[in-house]
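Read top to bottom, the protein sequences are chains A and B. Quick note: the first sequence uses this note's numbering, first residue 1, plus one each step. Quick note: the second sequence uses this note's numbering, first residue 1, plus one each step.
Among the clues, some could well be false.
[As the list claims (entries may be wrong)] BS3-like, lysine-lysine: derived pairs with alpha carbons at most 27 Å apart:
1. B:K22 to B:K58
2. B:K44 to A:K459
3. A:K522 to B:K8
4. A:K129 to A:K459
5. B:K11 to B:K44
6. B:K49 to A:K459
7. A:K416 to B:K49
8. B:K22 to B:K49
9. B:K8 to A:K459
10. B:K22 to A:K459
11. B:K19 to B:K49
If you are wondering where the hints come from, they were derived from the structure by calculation, not from laboratory data.
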Amino acid sequence: MASPLHAQQGQPTAAQSKQQLAEGKFRELTDRMQKLMVVLQKDEPEESKLLGAGLRFVQEKKLHRRLEQSGAMLSQGRLDESLVLMGKLREDLRSLLELLQNRDGDLRKLLERIDQLEGFKDRVDALAKEQQREKEDSARAAALQAQRKSIEAQRRRAEALLAQQRALREQTNQLPLDATDDATEPLTRREGELMEEALELAKDLRDLDAADAALKAAAAAPGEARDAEPLGPLIGASSKIAGKAAASMAEAQKQMGERQAASSLRDQDQAIEELEETIAELDRMAADAQRALLKLPFEQLSEQQAQTEQATDALAKDMEEAEQGGDAGEGEPTPGKNKVQQAVPKQRAAASQLKEFKAAKQKQQDAKDDLDSAKEALEDALSQLRQQLQDEVLRALEERFTAMLARQRELSLMTKTVDGSRQSILTADGQLPSALVSKIDALGQGERELELEAIDALKLLEEDGTTAVFPPMVEQLRDELHDVVAGLRAHTTGAVMSDAQRAVEELLELLINALRRTIEQKEGGG
Amino acid sequence: MPVSAELKMLKFLQERVNKQTKQVEALGAEDQAQPADYDRVAEKQGRVKELMRRLAEKLGKGDEGRGGE
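Can you make the complete structure from the sequences, with help from the hints?
Okay, structure coming up:
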């Protein structure tokens, strides 16, 4: 029996007619692409470039010639060879379609852009943290310097008070046993004055003690990656001791008023001892401050700040290059770039100030603020890109599944046709004719391509967070296509295969419907 | 994604699990089912259950949101 696909005498078969039609349509299409490419060159260069790439692809793959070859094979009755060639042609035409639709190209660009901005954001974040740490260190160094100066000033006051108390004690010691009120009265008054000064000193030392405790607490703050200084032997010690000295002076003044010179001398000695202790305590505080300062040398702070400045400058240059280079962000401004650039001179000024042993807290804070603003700008842009990515993924999936459904319907129909032929042309020994086997294999290949499409779609879904239910649905689709492929490879074409193919179609319809509704909801602002 | 669309897909997945369960059961009756066949269906059932739990959670949150308005 002659194959219905074989040419009758002088009459082209249906397959040949379709092949000729396809050849003609394809030539028409490429002619139009050529013309459109020229027209779009000026106003829409990107579109024109895309058409150019498509035409190059057509040329490189010799699609016109191969289509003709396939037609010739059909007319010569070389069906098996023609089927193989057609399978390859279909793959190339699909690639051409993808190229022209720029399918997934936009997605890829978007993903590259997200990666790029993520990288910039991480670098800005690290620099902002580094800048914060450097600001804290230099602020602490400046505070320690100020503290050391205050300690020196208070020590001078305590020294002066001690000298005066010693002199007064000497005068008290020289009083005769029967000293008159006239003799004791000036000394009593003087002791009262010294006591007032001691009280004043104790009050000022309270502030100094508080500053000392705060600096030590800051050094010991948890999470700080530096050696914590142990707290002083007694917080507020210097003011307390100076307060005791004032109390001893008050007692000495009282004893003197009662002309008890010997008792007064004992209290004055006590006051002298306590003033000496106050000075010793101030020396301890000064030594602690000096030790802490040695751990934060300005040269080192300046060096660290200079390094941060260089890293920030390098980042600014990379952000600038991203705008001009061939990277994902080509032609687009890099969010936060200006702020990163603005941070650089501030950091440079801070490093210079630190080199001259000057605090640079404000400049460092300003640089940190710039870096924080840059990070914020990058985060905003990333959030928008992620939203855009989600939309693109949904659209790409909808497009892909729609094309898959059309192809599945085609394959289902062809399978039914092949199954119909199968019933009528079974060989006597029950074997399938080889032409039919080739057709079933080609159908299996078609289904295998759909299975690969489903696997590819799963990769796309990794980028989407719209719903958790999509991935298992697409996995189900992949599994069902896999079963269909296995069935066709076993040359199953009857009702079982028809049901399986119908199930794939249903699944695709469900997915497309869900995707469309999701896109509509998103477009409606839902 | 609209909840109704999500529910439809879950219903679909559950129906597929049911169908596969019947197939494995039929194979089991003929002593032809492999342990891996049961594992595969169990895994799919587990996944549908997890998805349903998540959807219920989402719906619960939606209710809370409405309740608070």
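Verification of the hints:
Of the supplied pair hints, the one linking B:K22 and B:K58 is violated, its CA atoms being roughly 31 Å apart against a limit of 27 Å. Straight-line distance between C-alpha atoms of B:K44 and A:K459 comes to about 20 Å, which keeps the hinted pair within the 27 Å bound. At roughly 19 Å between alpha-carbon atoms, A:K522 and B:K8 fall within 27 Å of each other, so this suggested pair holds. Between A:K129 and A:K459 the CA atoms are separated by roughly 35 Å; this puts the pair beyond 27 Å, and the hint is violated.
The straight-line distance between the Cα atoms of B:K11 and B:K44 is roughly 13 Å, inside the 27 Å bound, and the hint therefore holds. A hinted pair counts as satisfied when its Cα atoms are at most 27 Å apart, and B:K49 with A:K459 qualifies at roughly 23 Å. For the hint linking A:K416 to B:K49, the alpha-carbon distance of about 37 Å lies beyond 27 Å, and the restraint is violated. Annotation: proposed proximity of B:K22 to B:K49 holds, straight-line Cα distance about 18 Å (limit 27 Å).
The suggested pairing of B:K8 with A:K459 holds, with an alpha-carbon distance near 23 Å, which does not exceed 27 Å. At roughly 31 Å between alpha-carbon atoms, B:K22 and A:K459 are farther apart than 27 Å, so this suggested pair is violated. For the hint pairing B:K19 with B:K49, the CA-to-CA distance comes to about 16 Å; that is within 27 Å, so the pair holds.
Checked against the numbered hints listed earlier, the structure breaks hints 1, 4, 7, 10; every other hint is satisfied.
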